[in-house]
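Engineer: Each protein sequence line maps, in turn, to chains A and B. So that you can map any letter, position 40 of the first sequence is 40 in the numbering used here, and since no number is skipped, the others follow by simple counting. So that you can map any letter, position 172 of the second sequence is 172 in the numbering used here, and since no number is skipped, the others follow by simple counting.
For the record, the hints were derived by calculation from the structure and aren't laboratory data. Wrong hints could be hidden among the right ones.
[Said to hold, decoys possible] According to the in silico footprint, chain B covers these stretches of chain A (three or more CB under 8 Å from chain B):
(1) 62-75
(2) 78-85
(3) 173-180
(4) 183-193
[Claimed, not checked] Ranges between beta-carbon positions, derived for each pair:
(5) M27(A) - G159(B): 51 to 61 Å
(6) N152(B) - Y187(A): 21 to 31 Å
(7) D31(B) - V190(A): 44 to 54 Å
(8) N5(A) - K105(B): 20 to 30 Å
[Unchecked claim] Some but not every residue of chain B turned toward chain A, in silico, with C-beta under 8 Å:
(9) V29
(10) A40
(11) N118
Backbone N, C-alpha and C define an ideal beta-carbon position, used for all residues, glycine too.
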Amino acid sequence: MAELNQKQNFLKGIIKENPIFVMLLGMCPTLGVTSSAFNGLGMGVATLFVLLMSNIVVSLVKNLIPAKVRIPAFIIIIASFVTIVEMILEAFVPLLYEQLGIFIPLIVVNCIILGRAEAFASKNNVLSSIFDALGMGIGFVLALTILGSVREILGNGSLFGLTLLPETANTFILFILPPGAFIALAYLTVIFNRLTNKTT
Amino acid sequence: MSKKESTFISMALSLLVITLISGFALGFVNDLTIEPKAKAKLERKINAIKLVLPEFDNNPVEARKLVKSEFAKDSIEIYPAYKNNVFVGAAVIGSSEKGFSGLVKIMVGFKPDGTIQNIVVLEQKETPGLGTKMKDESFLQQFRDKNPSTFNLKVKKDGGEVDALTGATISSRAFTEAATLAFDEFLINLDAIITSKQ
Numbered sequence: 001m002a003e004l005n006q007k008q009n010f011l012k013g014i015i016k017e018n019p020i021f022v023m024l025l026g027m028c029p030t031l032g033v034t035s036s037a038f039n040g041l042g043m044g045v046a047t048l049f050v051l052l053m054s055n056i057v058v059s060l061v062k063n064l065i066p067a068k069v070r071i072p073a074f075i076i077i078i079a080s081f082v083t084i085v086e087m088i089l090e091a092f093v094p095l096l097y098e099q100l101g102i103f104i105p106l107i108v109v110n111c112i113i114l115g116r117a118e119a120f121a122s123k124n125n126v127l128s129s130i131f132d133a134l135g136m137g138i139g140f141v142l143a144l145t146i147l148g149s150v151r152e153i154l155g156n157g158s159l160f161g162l163t164l165l166p167e168t169a170n171t172f173i174l175f176i177l178p179p180g181a182f183i184a185l186a187y188l189t190v191i192f193n194r195l196t197n198k199t200t
Numbered sequence: 001m002s003k004k005e006s007t008f009i010s011m012a013l014s015l016l017v018i019t020l021i022s023g024f025a026l027g028f029v030n031d032l033t034i035e036p037k038a039k040a041k042l043e044r045k046i047n048a049i050k051l052v053l054p055e056f057d058n059n060p061v062e063a064r065k066l067v068k069s070e071f072a073k074d075s076i077e078i079y080p081a082y083k084n085n086v087f088v089g090a091a092v093i094g095s096s097e098k099g100f101s102g103l104v105k106i107m108v109g110f111k112p113d114g115t116i117q118n119i120v121v122l123e124q125k126e127t128p129g130l131g132t133k134m135k136d137e138s139f140l141q142q143f144r145d146k147n148p149s150t151f152n153l154k155v156k157k158d159g160g161e162v163d164a165l166t167g168a169t170i171s172s173r174a175f176t177e178a179a180t181l182a183f184d185e186f187l188i189n190l191d192a193i194i195t196s197k198q
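Excised from the complex, chain A in its bound form:
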């Protein structure tokens, strides 16, 4: 039974409660950085790391923090991990660091992370929180990578920087511009919900 629960904790973030396609959370980085598949993936992985670490720490200290100051406490924990990610990216993956720019510090206010800390990690044990974070994080990574891929293929004729279409091919430049993010996200959300509703 316990094992089944962990599987549910993990899977719900990917399909049933996918943070992007179902819950529509964390829209700011989703729309902002997904102009290419690589950016989407990088942002997703950075968020996954912060989500995992903050879920672990929050579930560890949940009984030590007075209820009235839990939100500031969670934010400090999240902000610390975001700053660590920022420093590590700048040191070891400067290319990605430059591309993501302001969106790395903005992970702090990503509502998925505080949402999971408040709604899940502060009420469950460490193991469940890890599975929850992994599921939600991977759901987020997948959604951002798919969105980034679609926009990059349609808008630039390439995928992960590899050119798929000849230079002369007409691409929809709109899709790498901000309005394209909304259009692509809307269609992907429709397709995603259509597919998942059929199977369940």
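Using the hints, position chain B against chain A.
Structural biologist: Chain B only, in chain A's frame:
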């Protein structure tokens, strides 16, 4: 949810402890990454210098000159290069705030007579797929072996000779403005660079 009571002291204490721990953790990670960060930055600069200048045997980063410019608010960086103690060119960092999304920073390599050897884009936040094409060979090649004193560094729309990027005239303008700044500073400081070596 929390078993601890929310008294003034317990709230202040728990926040204090959390901020203390996080402060130490951040300090620790900062110490760990400070060297690789500086190294990565320097490496990018050296690679850019190698790309824009003819062959050299000194260390341009050490020979760097910072000059105050009347056209830009920050000092301009100039990296002179020498081979067998002969001046072979200088890399100048030019920038413009007039890009589509702000700062465009490029490094321009000049031969001693002012001819452009090559240009590398250091920083830009332009629109992906439009303005970012300023990094592409097809755009950059039109500047090579051109001397800005005879080659009008302006986009064709403004009466110059530069083919602007399709759909990104503003980015192209910022690029040419940065290049012009670099060229002007190169000319102004050319004598000082050459004499400083002897």
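Engineer: Work down the list of hints and note, for each, if the structure agrees.
Structural biologist: For each hint, the structure was consulted:
For the segment 62-75 of chain A, the stated coverage by chain B is satisfied: 11 residues place a CB nearer than 8 Å to a CB of that chain, which reaches the threshold of 3. For the segment 78-85 of chain A, the stated coverage by chain B holds: 4 residues have a C-beta nearer than 8 Å to a C-beta of that chain, and at least 3 were required. Check result for the segment 173-180 of chain A against chain B: holds, 3 residues qualifying (beta carbon to beta carbon below 8 Å, three or more required). Counting residues of the segment 183-193 of chain A whose CB falls under 8 Å from any CB of chain B gives 0; the rule of at least 3 is not met.
Distance hint for M27(A) and G159(B): a CB-CB separation of about 44 Å, inconsistent with the stated range 51 to 61 Å. Restraint check, N152(B) to Y187(A): a C-beta distance of roughly 46 Å breaks the suggested window 21 to 31 Å. Taking the beta carbon of each, D31(B) and V190(A) are about 49 Å apart, inside 44 to 54 Å as hinted. Roughly 53 Å separates the CB atoms of N5(A) and K105(B), a value that falls outside the hinted 20 to 30 Å.
The interface hint given for V29(B) holds, since its Cβ lies 5 Å from the closest Cβ of chain A, which is under the 8 Å cut-off. Interface restraint check: A40(B) against chain A, minimum CB-CB distance 5 Å, threshold 8 Å, status holds. The closest approach between the C-beta of N118(B) and any C-beta of chain A is roughly 20 Å, which is over the 8 Å cut-off, so the hint fails.
In the structure shown, a violation is registered for the earlier hints numbered 4, 5, 6, 8, 11, in ascending order.
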